[in-house]
Structures are given as C-alpha cells and as structure tokens.
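Asks: The chain contents come next:
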Amino acid sequence: MKRREFITLPAKCLGGLLVYSLSGMPFRVNAQQGSVTLPLQFFTASEARSIAAACERIFPSDQNGPGAKEAGVIIYIDRQLAGPYGLDRYRYTKGPFVESVPQHGYQGKKNPQEIYRDGLQLLGADFAELDDASQDNRLRSNEGTMFFKLLRTHTIEGMFSDPMHGGNAGLIGWQLLGYPGPVMSYRDEIDKYYGRPLRRKPMSLEEITGQPVKGWEQERD
Amino acid sequence: MERLKPVDVVIVGGGWTGLLLAKEITSRTSLSVVVLERGGAAARPPENATKMDELDYNIRLRMMQNIADETVTHRHSRKDAAAPVRQYGSFHPGTGVGGAGEHWGGVSNRFLPEQFILASHLRQKFGSEKLPENIAVQDWGVTYDDLEPYYGQAELMMGVCGKAGNIKGKLLEGGNKLEGVRSFEYPNPPHKMSYLMSLFQKASVDLGYQPYPIPTATLSQNYANPDGIKRPACLCCGYCGRYGCMIGAKAQPSTTLLPLLENKKNFTLRPGCWVRRVVHRNGKAEGVSYTDASGKEFLQPADVVVLSSWTLNNTRLLLLSAIGDPYDSTTNKGTLGKNLTHQVSHGVHLYFDKPLNNFMGAGGLGLGLADFEGDLNQKDAPGVMVGGAIRATSGGEGPIGSFGRIPEGESKSNWGSDWKKAAINWYDRAGEIMAEAAHLAYRQNFMDLDPVYTDKFGDPLLRLTLDWTEHEKRQAAFLTKIEVAVGKAMGAKVGGIARGVHEHYDVTYYQSTHVQGGVIMGDSPERSVVNPWLQHWHMPNLWITGGSTFPQNGSGNPTLTMLAATYRAADAFVNRYVKKPGALA
Numbered sequence: 001m002k003r004r005e006f007i008t009l010p011a012k013c014l015g016g017l018l019v020y021s022l023s024g025m026p027f028r029v030n031a032q033q034g035s036v037t038l039p040l041q042f043f044t045a046s047e048a049r050s051i052a053a054a055c056e057r058i059f060p061s062d063q064n065g066p067g068a069k070e071a072g073v074i075i076y077i078d079r080q081l082a083g084p085y086g087l088d089r090y091r092y093t094k095g096p097f098v099e100s101v102p103q104h105g106y107q108g109k110k111n112p113q114e115i116y117r118d119g120l121q122l123l124g125a126d127f128a129e130l131d132d133a134s135q136d137n138r139l140r141s142n143e144g145t146m147f148f149k150l151l152r153t154h155t156i157e158g159m160f161s162d163p164m165h166g167g168n169a170g171l172i173g174w175q176l177l178g179y180p181g182p183v184m185s186y187r188d189e190i191d192k193y194y195g196r197p198l199r200r201k202p203m204s205l206e207e208i209t210g211q212p213v214k215g216w217e218q219e220r221d
Numbered sequence: 001m002e003r004l005k006p007v008d009v010v011i012v013g014g015g016w017t018g019l020l021l022a023k024e025i026t027s028r029t030s031l032s033v034v035v036l037e038r039g040g041a042a043a044r045p046p047e048n049a050t051k052m053d054e055l056d057y058n059i060r061l062r063m064m065q066n067i068a069d070e071t072v073t074h075r076h077s078r079k080d081a082a083a084p085v086r087q088y089g090s091f092h093p094g095t096g097v098g099g100a101g102e103h104w105g106g107v108s109n110r111f112l113p114e115q116f117i118l119a120s121h122l123r124q125k126f127g128s129e130k131l132p133e134n135i136a137v138q139d140w141g142v143t144y145d146d147l148e149p150y151y152g153q154a155e156l157m158m159g160v161c162g163k164a165g166n167i168k169g170k171l172l173e174g175g176n177k178l179e180g181v182r183s184f185e186y187p188n189p190p191h192k193m194s195y196l197m198s199l200f201q202k203a204s205v206d207l208g209y210q211p212y213p214i215p216t217a218t219l220s221q222n223y224a225n226p227d228g229i230k231r232p233a234c235l236c237c238g239y240c241g242r243y244g245c246m247i248g249a250k251a252q253p254s255t256t257l258l259p260l261l262e263n264k265k266n267f268t269l270r271p272g273c274w275v276r277r278v279v280h281r282n283g284k285a286e287g288v289s290y291t292d293a294s295g296k297e298f299l300q301p302a303d304v305v306v307l308s309s310w311t312l313n314n315t316r317l318l319l320l321s322a323i324g325d326p327y328d329s330t331t332n333k334g335t336l337g338k339n340l341t342h343q344v345s346h347g348v349h350l351y352f353d354k355p356l357n358n359f360m361g362a363g364g365l366g367l368g369l370a371d372f373e374g375d376l377n378q379k380d381a382p383g384v385m386v387g388g389a390i391r392a393t394s395g396g397e398g399p400i401g402s403f404g405r406i407p408e409g410e411s412k413s414n415w416g417s418d419w420k421k422a423a424i425n426w427y428d429r430a431g432e433i434m435a436e437a438a439h440l441a442y443r444q445n446f447m448d449l450d451p452v453y454t455d456k457f458g459d460p461l462l463r464l465t466l467d468w469t470e471h472e473k474r475q476a477a478f479l480t481k482i483e484v485a486v487g488k489a490m491g492a493k494v495g496g497i498a499r500g501v502h503e504h505y506d507v508t509y510y511q512s513t514h515v516q517g518g519v520i521m522g523d524s525p526e527r528s529v530v531n532p533w534l535q536h537w538h539m540p541n542l543w544i545t546g547g548s549t550f551p552q553n554g555s556g557n558p559t560l561t562m563l564a565a566t567y568r569a570a571d572a573f574v575n576r577y578v579k580k581p582g583a584l585a
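So the sequences go chain by chain: C and Y.
With our numbering applied, the first sequence covers 1 to 221.
With our numbering applied, the second sequence covers 1 to 585.
Excised from the complex, chain C in its bound form:
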C-alpha cells in the first residue's frame, strides 16, 4: 500500500472544511488558526508543495485579495486527480492516437494524472523553493503545454467551485467575487438591482440545502 502523504496549509481560512480520509470517511477540520495537516490522495507531499506554489503564481495572494494558497486549491486538484476525472473516465480514450488539427482539441493518450506527473518534471523538484520571479519564468516557459493549460483551468476551478470539492475554503473565492452561492430564488430580485450589486453573504450548497453533498470525484467504481 502507498504510504500516506500529507500537506500542511495555513488554516485561517479552512474553518468548517469537510475533508475525506483515504478510506472515504468524511471528517471536519475546524482549525481557526495556526496550520492544518491534510491527507493527500494523489500527490506526494513534495509534489503537492510544487503544484501549490505554481497555483499561487497563477492566482496569487496579493493586495487584491487572497489566492490559491488560502483557498486550498491544491486540495481541490489533488482530489480531482485521484478521482475518476484524473483517470480519464469521462474522456474518449480509445486509439489510435493521432496528431490532428487544432479544432479537434487534445488528442493525446495521457490522462490528467500522467499530465501532472510530466508537468512536475517540467517545474523541477526545486520549484517550491524558487523565488517568485524564477517560478514565473519557469511557468512562462511552459505556458504552451497541456500541463499548464490544465493547471490554470484547475486553479480557477479550485478557487471558485463549491467547497465540497476541496477548494474555495471558507468560501474565500466567492467572497472575492461577491458570488452568493447556489441561492434558491431571485424571483423578487431579478428585476430590481438594475445596475446595483446584489451581494449576499455567500453560502455553500450544503449550507443552503441543509443536506450533505458530495462531489463526483468522491465516487469510485
């Protein structure tokens, strides 16, 4: 059996985060300060540090608000890769694999797990230790790769998807945008607020429905 790996994250934004152990049992992390250590499902600890550092350059924590680090984007990506998506269960993967025109999109054989493992090679084992400018340079030189494309997409997803998927911790991404979450009704608001922002306190799907919810990535076949 694979040795269990963990990542340690700042916990100031991770209040109320529901996480899943490797056996699939949910438990809640309620640390309000200090740091929190979470089990990884796909990455090794050092891989996770590299990917987390890269996500942080894509969506940095800066004067314009929190970023990938605070949202726990690395947890989101780790779970997506460990689940059916990471294994390409929802992509047509029969051969032959051929190069085709750009209008046909990604035609490669490698699944997201393999693309990330390749990408980690591109970043280099020392990536997390580099300064910001060096990290940016290394990412910039790999901008054309499928790995970077996925990493950028997954970073946005991890910032702004429902926290059931592991990112957007403490609804920090939704707060950043003023997105209220999957609110059940705007019947009375739709024709009001013309040109004025309607900014409610964000709520997660679990909070709104009052029911436990589970992402697709938690389904195993």
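Take these hints with a grain of salt, some might be off.
Restricting the straight-line Cα-Cα distance to at most 27 Å, the calculated cross-link-like pairs of lysine-lysine (DSSO-like) are [stated by the list, open to error]:
#1 Lys284/Y - Lys192/C
#2 Lys201/C - Lys51/Y
#3 Lys493/Y - Lys192/C
#4 Lys488/Y - Lys354/Y
#5 Lys5/Y - Lys580/Y
#6 Lys488/Y - Lys192/C
#7 Lys296/Y - Lys5/Y
#8 Lys170/Y - Lys354/Y
#9 Lys296/Y - Lys94/C
#10 Lys421/Y - Lys201/C
#11 Lys110/C - Lys192/Y
#12 Lys201/C - Lys192/Y
#13 Lys149/C - Lys163/Y
#14 Lys412/Y - Lys109/C
#15 Lys456/Y - Lys130/Y
#16 Lys192/Y - Lys109/C
#17 Lys5/Y - Lys412/Y
#18 Lys79/Y - Lys192/C
#19 Lys354/Y - Lys201/C
#20 Lys481/Y - Lys125/Y
#21 Lys333/Y - Lys79/Y
#22 Lys149/C - Lys421/Y
#23 Lys412/Y - Lys202/Y
#24 Lys69/C - Lys421/Y
#25 Lys265/Y - Lys192/C
#26 Lys354/Y - Lys192/C
#27 Lys354/Y - Lys94/C
#28 Lys130/Y - Lys379/Y
Partial list, computed: chain C residues near chain Y (C-beta under 8 Å) [stated by the list, open to error]:
#29 Phe6
#30 Thr93
#31 Trp174
#32 Met184
Label pairs and their in silico Cβ distance ranges [to be verified]:
#33 Glu526/Y - Phe97/C: 39 to 47 Å
#34 Leu87/C - Gly272/Y: 35 to 43 Å
#35 Glu99/C - Tyr510/Y: 52 to 60 Å
Don't read these hints as lab results, they were simulated from the structure.
All residues carry an ideal CB built from backbone N, CA and C; glycine is no exception.
Here the structure of chain C is known, so what remains is to put chain Y in place on it, guided by the hints.
Replies: What follows is chain Y alone, placed relative to chain C:
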C-alpha cells in the same frame, strides 16, 4: 441473446420526442409501448437541489452521455483524416430518462414559415444560380400551416411563456410581429426582465429594431397544462441549462410527460438499455436488439419500431442496421446521413460600467430581435440567404465559467497578479449578445460510419464531415455588425468574439446542442429518408422523430419544432396507421 415477449411499439430513447410519442400512443390506444433508454432513471426536482453545483454539472457535464463509451469522429472534408471528439465541446448529448430535455435551457421558439419551404423560397428569391455552391437545402414536405396546430399543442403542454406578435393576422405590440401566424396567445406571459435585458430593450428600440421576449418553457407563473400536469413558477435561480430544475418550473420530459406514463398498464420504461441494432427482414422492422447495464443481450420484438434517440444516434443506428441508402457526397446519391447541419452561433462580448448580477437568471430568459431571423435586406447583408436570432439572455452564470472575461489589452498575461486584478474587476460586468442563426445544408456536410474508431462494444462510431462555408462566415460577419451596434447603444464596451464561427468548424468549444439532419424528412424517397409523417419511406413500420429529421437548421432553437412534428406524427400514427398499417405517403 434472450428473446423477450413481443410488444406493439418499441421506442428507442426516452427523451422529449420518445416520451411524447409514448404518451400519445398509450393514452389514445391500447397498444403496448416499451421505451428503451440508454441512461439511468431521471432525478426528480427535490433531488436536483443537491445538484446545483457548477463544477460537476456545468464544467464536468455530469448530465451528458459518458463520452468514454461512445463519441463521434470529425473531419472538415472528405480529403482529411477524421479524429475522435475526445471531450465534449461544440454540443452536449444528454442521457438518462428525459435525455437532453432534462438539461436544456427551455427556449421554445417556432421556426419561421419560410424555413419549411426553404429550397423553394431561396430559389424564388435569388434564382438557383445565385445560391451558394453545393447548397443542399430542401423543403420539409410539411408546411408551417400544417404544423401550426401542433406548435400550439406543444406550447400548451410545456406552458411556454411569451408574447405573441401575430394572432390570426393581427399584429401585436411587444411580440415578434415577423413570426408565423399563430392561433392563440402564449399560455403564459413573459418573465420579468433582468438588467441586461432592460439595456438591450432600450438600445434596440432606439436603433429602430423590434425586440421581443424569447419564448421559454421555464414558467413565469404557476401553471396547469391540458394534461393536468401542474408546475410552479420559476425562481430565477440561475441553475438551468446543463442542470435539472430543482422545483420543476422548467418543462422537462421527466416532470411534464413521465408522470402521465408511469401508471399506465400499457407502458414500460426500461432505463440502462443500449440499443445496438434495428432487426429487420424483407423490408420490415421486427424489433431491436440491445445490451443492458449488466452486459446481457436482448431482442425486443415489436410490430412498430420508433427511433427517438439524440439526433446523431438515429443516423448511426440506421447505418449500423443497414437500413436505407447511405449518402455518397461525390455522386450526391443516397439519402441516409445527408444534410448534416449545426448552428451558426456567433456573438460578441460586452463590458459594462455597472454590475449585472449575472448569477440571477432562468433558462430562456432574454430578448431577441425579430428583424434578422429570416430574410435579410440584400442591400445591408449581400449574399446572406438566411439570418439568425440575435439575443441577450440572462440564463444565470456560475463563477467558474464566467471568470476571466476581460476587455482586450487589460492584462498581458492570462495568469498572475495583473490578470487576477483585471478578472476580478470585470467579473459580473461582462455579458454577451449571441446569435443563433440558421445553418444551410450542403452536399459536403454529411455523416457516415467511421472506418477506424469504435464505441465500447466495438461498433463503428459515426463520422461527421462538416465545415463552415463562406456563407456562414458572411452570416457571422453581418450578425456581428448588428450585435456591435446594439452593444454600443447599450453603453457597453464591445470586444472579442464569444464562441463564434471561425475559419473552420471547431469541436472544442460549445456552440449549441442543435445538431440536425441525417434522417431527413421530405416529399420524396429519392431525396429524404422519412416521409412528412416521420415514417421511413421504405419500411412503413419504422418511424423516426427529432432533430435528425430536419433537412436543415432554422434560426433559433429546435425543440418546439421537434415536439410539433412528433405531435403530428402521433396523430397520423393513431388515426391512420393503427387502423391500416402501411405506408402513409
């Protein structure tokens, strides 16, 4: 293969048209009907509330067929090698009971009268020599007037909300005055207007255009349809297209048809059944063979076989079953697989000073312009034979899909601090005007079986040969001009093409799920696969419903036309075929 007890009618596919036909047959006759659906059971409204998750449903497309099991291949021309569509992009086939009718957006426009006689209409208007090269548009063999009562029936069934523009020749303010003549007003009034719509309304009136509310099957008020189905008013939650409705306000087969069928003794629904072939002998369909979820194979004998699966699969099933004459684009002979059309979906991004609250919305909530949907003034739009529905909609947007729309020049990179700042700044101030334009049929756009790639059972995939011509590019250019003018009049900064028709057809980004043709209807067996009653020309006990029977695609959305044509086919089946089985035309 296990041979099952014969039934009167077997219907392949439990979506809008399959369940509608099943409802009509089982309520009007004592015939036994079995519906075989490839996907699972439908989720019911309260359960859909726990599925209001943008990542799983809008991004990972959880309501769609699993493309790992089966896809299509695509090439731009006969000279090219085809490649499989490995991930969904330009269209989204639904799965499960209700099919794409569960995740649709609810837009329920009628096609314009000239669409049904498009070949005659264009020849008369332009002369044959002026038409685009290799044009293959055909008349449907059915006219708008033939379909009008059935359009009305479909609108009543779904409770379509809208404002009529032409009732029995009387033109009405606020509606689409250029639409075909209607017998009666929409069953429900239009929705309230969003901010984006209010800007579009004012700008288009200022420019002298005629805006009207897009007809939609998301309810503006509580409604009971003539079948006794009650549904509540829409809450504008914004989780509509690509989701099932959490309260049943959006007309879906599972909420609008299925409740009428479930307790009927002569109706059986079998989910998880993947139909592989139509079994036939001596010009007569004998049933279908299918594989169930456990991998077991069955033969379901039936007196009548109906193909109601998502549009492309009807063509594929007929090709796999060797029924009909496959189309040959080099000789223009054969009918099965011809007239593949999609949609000219082309729009521009708009950027506003003020927030739009884009997360609010409903499927089909929006306004369209009546002015450019059909015939166009050749002075303004030289060489554009058909136009499109130009619209501003508030369907409800999630933060993942809508993040990152920024005006050109605001950030050098699409990641990093500057980009983040610009993307947050413009989030919720970006909208679009989109056109859903008609797509003409051409000889070179068609379907056949792929010689290389196969589905999970090893059956050949369907191969699409499809590319844009100069005509679609002219359509897009003209519609863009109007969109830019309206966008500017709305006070927006206009920039960048949203989706759009580019140099070549592209499978990687969403355009619409309105793929049509392959098993087209028409007035002669030399030019079409099914007759105007949707009955196979050469196999009278085989019927085909849905978008695969459209000879070309009209402006706007196709669902209402599919339903109207199915109601008409049901009438012909019940009133004529059941009494005297045989060819109706």
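Asks: Taking the hints in turn, state whether each one holds.
Replies: So, going through the hints one by one against the coordinates:
1. Lys284/Y - Lys192/C: 60 Å, violated
2. Lys201/C - Lys51/Y: Measuring from Cα to Cα gives roughly 21 Å; hence the hint holds.
3. Lys493/Y - Lys192/C: Status holds; Cα separation ~23 Å.
4. Lys488/Y - Lys354/Y: 14 Å, holds
5. Lys5/Y - Lys580/Y: 24 Å, holds
6. Lys488/Y - Lys192/C: 23 Å, holds
7. Lys296/Y - Lys5/Y: 16 Å, holds
8. Lys170/Y - Lys354/Y: 39 Å, violated
9. Lys296/Y - Lys94/C: 23 Å, holds
10. Lys421/Y - Lys201/C: Between Lys421/Y and Lys201/C the Cα gap is close to 21 Å, so the pair holds against 27 Å.
11. Lys110/C - Lys192/Y: 48 Å, violated
12. Lys201/C - Lys192/Y: 25 Å, holds
13. Lys149/C - Lys163/Y: Status violated; Cα separation ~45 Å.
14. Lys412/Y - Lys109/C: With a Cα-Cα distance of about 32 Å, the restraint between Lys412/Y and Lys109/C is violated, given a limit of 27 Å.
15. Lys456/Y - Lys130/Y: 46 Å, violated
16. Lys192/Y - Lys109/C: 48 Å, violated
17. Lys5/Y - Lys412/Y: 67 Å, violated
18. Lys79/Y - Lys192/C: 55 Å, violated
19. Lys354/Y - Lys201/C: Judged against 27 Å, a Cα distance of about 20 Å means the pair holds.
20. Lys481/Y - Lys125/Y: Holds, at roughly 24 Å.
21. Lys333/Y - Lys79/Y: It holds: about 19 Å lies between the C-alpha atoms, which stays within 27 Å.
22. Lys149/C - Lys421/Y: 20 Å, holds
23. Lys412/Y - Lys202/Y: 35 Å, violated
24. Lys69/C - Lys421/Y: Holds: Lys69/C and Lys421/Y sit about 16 Å apart, inside 27 Å.
25. Lys265/Y - Lys192/C: 49 Å, violated
26. Lys354/Y - Lys192/C: Satisfied, since the Cα-Cα distance of roughly 14 Å is no more than 27 Å.
27. Lys354/Y - Lys94/C: 48 Å, violated
28. Lys130/Y - Lys379/Y: 15 Å, holds
29. Phe6: Hint on Phe6/C: violated, closest Cβ of chain Y at ~24 Å, above 8 Å.
30. Thr93: It holds, given that the least Cβ distance between Thr93/C and chain Y is near 6 Å, below 8 Å.
31. Trp174: 6 Å, holds
32. Met184: Result: holds, 6 Å to nearest chain Y Cβ.
33. Glu526/Y - Phe97/C: 39 to 47 Å: 41 Å, holds
34. Leu87/C - Gly272/Y: 35 to 43 Å: Because 23 Å falls outside the window, the suggested range is violated.
35. Glu99/C - Tyr510/Y: 52 to 60 Å: Taking Cβ atoms as reference, Glu99/C and Tyr510/Y lie about 24 Å apart, which means the hint is violated.
In this structure, the earlier hints numbered 1, 8, 11, 13, 14, 15, 16, 17, 18, 23, 25, 27, 29, 34 and 35 are contradicted, and the remaining ones agree with it.
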